[in-house]
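Enquirer: Protein chains in written order, with our numbering: chain A, 1 to 147; chain B, 148 to 294; chain C, 295 to 441; chain D, 442 to 588.
Worth flagging that the hints you see were computed from the coordinates, not collected in a lab.
Accuracy of the hints is not assured; some may be wrong.
[Unchecked claim] With a straight-line cut-off of 20 Å between C-alpha atoms, the simulated PhoX-like cross-links for lysine-lysine are: (1) B:K200 - D:K443; (2) A:K53 - C:K347; (3) B:K290 - B:K200; (4) D:K563 - D:K443; (5) A:K2 - A:K143; (6) B:K269 - B:K149.
Here's the letter readout for the chains.
There are 4 protein chains.
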Amino acid sequence: MKTPFIYRRPIRWGDTDAARIVFTAHYFDICMEAIESFFHEILELDWFAMTCKQSTGTPFVHAEVDFHTPLTPRDVLNIRVDIEHQGNSSLSLILYGNREVEGVAAFTGRFTCSFSDLNNLKSIPIPSDIRQRITCYQQQSSKLISG
Amino acid sequence: MKTPFIYRRPIRWGDTDAARIVFTAHYFDICMEAIESFFHEILELDWFAMTCKQSTGTPFVHAEVDFHTPLTPRDVLNIRVDIEHQGNSSLSLILYGNREVEGVAAFTGRFTCSFSDLNNLKSIPIPSDIRQRITCYQQQSSKLISG
Amino acid sequence: MKTPFIYRRPIRWGDTDAARIVFTAHYFDICMEAIESFFHEILELDWFAMTCKQSTGTPFVHAEVDFHTPLTPRDVLNIRVDIEHQGNSSLSLILYGNREVEGVAAFTGRFTCSFSDLNNLKSIPIPSDIRQRITCYQQQSSKLISG
Amino acid sequence: MKTPFIYRRPIRWGDTDAARIVFTAHYFDICMEAIESFFHEILELDWFAMTCKQSTGTPFVHAEVDFHTPLTPRDVLNIRVDIEHQGNSSLSLILYGNREVEGVAAFTGRFTCSFSDLNNLKSIPIPSDIRQRITCYQQQSSKLISG
C-alpha cells in the first residue's frame, strides 16, 4: 500500500473554458478520477464491478472544492487523497491538488460517499475488508505526518 | 426582474453513469448552467462578452453540492438561485435543486465567485450596476419570504 | 407529430474551450441531446426506461460531424433532425445545426444507431410501433420538401 | 520520434452512461486527448501556447468515429494515431482504438483539422517545421508497415 496515494493528472485542452483556465465543473471530473483510482488501488474496490455484480455502490452525498489558483494546460496536478473520516456507512476524503512544478496548492476538495444498496439506495455498513484497508491507510498516513 | 429565478433543466441520458443515476461531477455542470442563466437574466451580465471584451471574469473560489436524492433521466429539475452574500468582490449563491414532480429536494449547492481582472487574476470590486441588481434581487427575494 | 423536429439549444459557457469557441467534442454531447429529444418526442421512445425495463437500447455504431463555422456562447442553435435511412435494426439520422440568427449553417451531423439487446449487445429488429413512427416522420418530411 | 504513437487511456467510471458502457459523446473527448498528446509529443506543438501566444490554432473541420465494440471501465484503450493526409492547411488523422487485452478493435476515428489564424478563423499554411515533423512521422510509419 503506497502512502500517501497521489493521482497524477496533466491538465488538458478539453479541461479549459473561454477564460483560458480550467472550467469550474471540470475540477469535479478530475477529482472523481482521483477518487476512483484511490478506491481501486488502495481500497481494492472496483466501482463498476461492484455496481454490476453486487448492485452496491458509493453514491456521493457531498462534494466541494476550494479553488486556490487557476490551472491551464501547461500544468500537471498531483492530487493527494487522504481520509478525513470513516463512519458506519460513510467515507469522507480530502483531496489536495498541487501543481507538480513548485508544488503550488491549486485546490482542496472534500468528498463524502455512502456505501449503499443500489436497489433501494439505502446505506449499508462499510464491508469489513474495505474497512480494514481504510484503517490501514489512515494509520500509515498518520505515521507519515507524525514521523 | 422575475423573483425567484428558477432554472428548469430536464435530466438527460448524457448526465447518467453506470449506476443509472446522474454522475456526481455532472451536477456541477448543471449548476454552472443555472448560474450562467442567473447572471444573464438577473444581473444582465454575459460571461463570454465580459471575458472577451473587458478581460474581466468571475472565477469561482468555492463550489459545493449536498446531494439529497438521486436523479434519473425521468426527472426535471427546477433550480432556484438565491444570493447568500455580497462582498466587495465576491458573490455567494445558494442553489436549491428540486424535482419538478412533487417538489422533492434533490440537492443544495453553494457557489462563490470573485469578480476579477483576467489579465492578472486579481479581484476587483463588483461593478456598481451589477451591485444594484444584486441588491434589488435580494430585496425582492426577502419580501417573498417575509410576505 | 411536428415536422421537421427542431431541437433548440443555446450555446453555454461550459461548451467553450481556450480558443473561445465550442470545443470539438462538445458538439457530440449537443447532438446526443438533440437525438435523445427526437427519440422521445417523435419516436415516443425513452432511452432510460427502455434500458432499465426492457434491457434494450440503441447503441451508436457511427457518429460524425462536419463543422462549418465556429460557435460561441452568444449563439443559439436550431438543430433539425432528419431520417437518412431505416434498416432492419439500424437507424441513420442527419442533423442540421443552424445558428438561430440569420440561419447560418453551423454543422452537419450523421449518426447511426442499432437497436440492440443490451444483455448480449446483439442487434434486434426495430420494433414495429417505432418503425411506423419513423416511416410517418419520413413521409411528412418528404411532403415538406416536395411541397 | 516514437513510431507509431500510442496513447494509453484507461476507461473510467465517468466515461459511462446508464447502459453501463462508454457514452457515445465521450469517445470524442478521449480521441481529442489522444490527438492533443500526438500534437505535443510528435509535432512538438502545444495547442494552449499556440492559442494564447500566437493566436493560431487547429480547429477541427471533421470528426467521426466508427464504434466496433462497446467499452466498460474494466478496459484500457491503446489508441494509435496515424496521418491519413497532409494538405496545405489541413491535417487528417486516423485513430485506431484497441483494447489492451487481446487487442480487440474498439473504434476507428477520423479527424481533420485546419491550421488557422484565430483572429479571423481563416486557414493558414501548415508551418514548415510542423510539416517536416508530419512528413518524418509518415515516413517512419510507412517503413513500419512495409518493413
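Enquirer: Does the structure break any of the earlier hints, and which numbers would those be?
Expert: Those not satisfied are hints 1, 3, 4, 6.
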